[in-house]
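Line by line, the protein sequences are chains L and U.
Take 1 as the starting number for the first sequence in our numbering and just add one per residue.
Take 1001 as the starting number for the second sequence in our numbering and just add one per residue.
It cannot be assumed that every hint is accurate.
What the hints assert, rightly or not - The following label-pair restraints were derived from C-beta to C-beta distances:
#1 U/Gly1148 with L/Val281: 19 to 29 Å
#2 L/Ala63 with U/Thr1071: 52 to 62 Å
#3 L/Leu100 with U/Arg1020: 49 to 59 Å
#4 L/Val103 with U/Gly1018: 50 to 60 Å
Unchecked claim - In silico SDA-like pairs for lysine to any residue, Cα to Cα no more than 20 Å straight-line:
#5 U/Lys1146 with U/Gln1131
#6 U/Lys1074 with L/Tyr92
#7 U/Lys1244 with L/Leu85
#8 U/Lys1146 with L/Arg191
#9 U/Lys1074 with L/Thr180
#10 U/Lys1074 with L/Leu85
#11 U/Lys1074 with L/Thr166
#12 U/Lys1074 with L/Thr194
#13 U/Lys1234 with U/Lys1074
As the list claims (entries may be wrong) - Part of the chain U face toward chain L, derived, beta carbon under 10 Å:
#14 Lys1074
#15 Leu1083
#16 Phe1119
#17 Ala1126
Think of the hints as simulated: they come from the structure by calculation, not from any bench.
From the three backbone atoms N, C-alpha and C, an ideal C-beta is built for every residue, glycine too.
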Amino acid sequence: MSTILLLLITGIGLGALYFLVASGLSLIYGLMGVLNFAHGSFLTLAGFLGWEVGRRVGDGSWAGLLTGMLVGLVVGAVVAALTELVFIRPLYNRHIEQVLVTVGLGLASVALFEGIWGTDPIQIRLPEWLGGTTNVLGANIPNDRWLLIATAVVVLGLIVLFLQRTSYGLVIRAGVENRTMVTALGIDVRRAFTIVFAIGGAAAGLGGVLASVYYGQVGAHQGTSLLIYAFIVTVIGGLGSLTGAAIASVLVAVIQQFANFYLGGTGDLAIVLALAAVLLVRPTGLMGKVKH
Amino acid sequence: MADRPALQLDSVGLQIGGARILHDVTFQVATGEMVGVIGPNGAGKTTLFNIISGVMIPTSGTVRLAGDDVTRHKVHQRARVGLGRTFQTSSVFAGLTAGENVRLAAQSKLGGATSPWTFPRADDDASRVAQRCLEEVGLAHHTGTKAGVLSHGDKRKLEIAMLIATEPEVVLLDEPMAGVGSGDVAGLVEVIRRLHRSGRTVLMVEHHMEVLLGLVDRVAVMHHGELLAIDTPKAVMANTDVQKAYLGETV
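Required output: the full structure, derived from the provided sequences and hints.
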């Protein structure tokens, strides 16, 4: 029982990390039809810069970590918005070229990060409490999972609030459904693109700092490896659906944890099979809408 | 000001690769006039609408709105200077409520969409405009209903409510009656009639001839990408070229 609970809660913690990356991917694809392969780079850069600033504020302290998270959030948002303005916007409506640019950015940035911070991951120091565990009904849950889950819940809440309750959220929800009609109403959706990129980048940036908490290290390839899982989550959840991304994040991570534990480390295989199953039964994903 | 036509096309043409989609289309629509556009499938009616609204840019000729050359303007720029349109297939936002659909349109007109952090309230300007427009088309009782579950006829009315909210001078209606059940036709005709009577210039593609001829001042006939005739319904029906186009040419 305690093993199941442990796998479940650690799975949800990992799912929280996936969600931070996948939420932006899903929104960007939903609104713009662009699969953003540079999303992992936002995450990695935010992870490095968050760590660099955080350790100067207080290595291994809460002040350092929280500053790092704030830096990661801002770095993610700014870099993502700049990427949209400089690389994506000039290729408006040329989806293949837009995707190719993000692929190029993703590859080039990893090489750049390796040049600056080296090819080996750097071990980081964290507040002592995060290294400990909390006993829940007999299961010893690593404390860092609580931080991941709490952050993802807050991020999900804020994005939902923005989408459902603000004027621009309405523009974005409408744009995800039918971009042409939004422009026909006299709204310049390109601004919505920048905002969605910034929001997605901010979430990924937070994810970058929290990924370093989860793995206990920062590395140039952190974003790339998480991006693969985030893509799977995005497709299973339904491209463009935030709720879908949230559900699929938890689902994928929990399946992965259980398969790793009970089926001899076959977690990755299990989620690829889950992806195939969802695509066969519901090609648009769990919460995906048919585009028109 | 007043004598400048609301809409003016001069020698508009569109060539894609070797194919001539539209050729030398020239006509004017006076302010407050209602013109129907007819023609067999593939005649270029929707292409014409796409060029007027900016979805497509013509390879030759000019498009003017109230005298201003908008040939190269983007879709949202034309919408801001008073051009509104509906699409051939119903294009309401299915996942949004009817109220939100119209609010979006009102926001665009009132500029509320320019601040990402505005929290809409039920009593702000955009919401009031949205409610008034829904009332105008008889959908006030559906404010909170998801647009996706409305009947086809109600979706068409909702599109017109959205159109009214953007306060357009010139309105393009692309087959507003397409797929509308016979019970909904009369109501929709009345909504379109009111739209026109409120002083708007209307250009409408419609296959439902009975409806069209009863509504419009003039009819434009498209055939093979060219403007075959533009005249009063009576004169157009008597035109031998038009009859040939519809009944088949004798060899």
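These are the hints, each one checked on the structure:
no.: 1; hint: U/Gly1148 with L/Val281: 19 to 29 Å; in the structure: holds (22 Å)
no.: 2; hint: L/Ala63 with U/Thr1071: 52 to 62 Å; in the structure: holds (59 Å)
no.: 3; hint: L/Leu100 with U/Arg1020: 49 to 59 Å; in the structure: violated (33 Å)
no.: 4; hint: L/Val103 with U/Gly1018: 50 to 60 Å; in the structure: violated (34 Å)
no.: 5; hint: U/Lys1146 with U/Gln1131; in the structure: holds (15 Å)
no.: 6; hint: U/Lys1074 with L/Tyr92; in the structure: holds (13 Å)
no.: 7; hint: U/Lys1244 with L/Leu85; in the structure: violated (54 Å)
no.: 8; hint: U/Lys1146 with L/Arg191; in the structure: violated (26 Å)
no.: 9; hint: U/Lys1074 with L/Thr180; in the structure: holds (12 Å)
no.: 10; hint: U/Lys1074 with L/Leu85; in the structure: holds (19 Å)
no.: 11; hint: U/Lys1074 with L/Thr166; in the structure: violated (26 Å)
no.: 12; hint: U/Lys1074 with L/Thr194; in the structure: holds (19 Å)
no.: 13; hint: U/Lys1234 with U/Lys1074; in the structure: violated (37 Å)
no.: 14; hint: Lys1074; in the structure: holds (8 Å)
no.: 15; hint: Leu1083; in the structure: holds (9 Å)
no.: 16; hint: Phe1119; in the structure: holds (6 Å)
no.: 17; hint: Ala1126; in the structure: holds (8 Å)
Against the hints set out earlier in the document, violations occur for numbers 3, 4, 7, 8, 11, 13.
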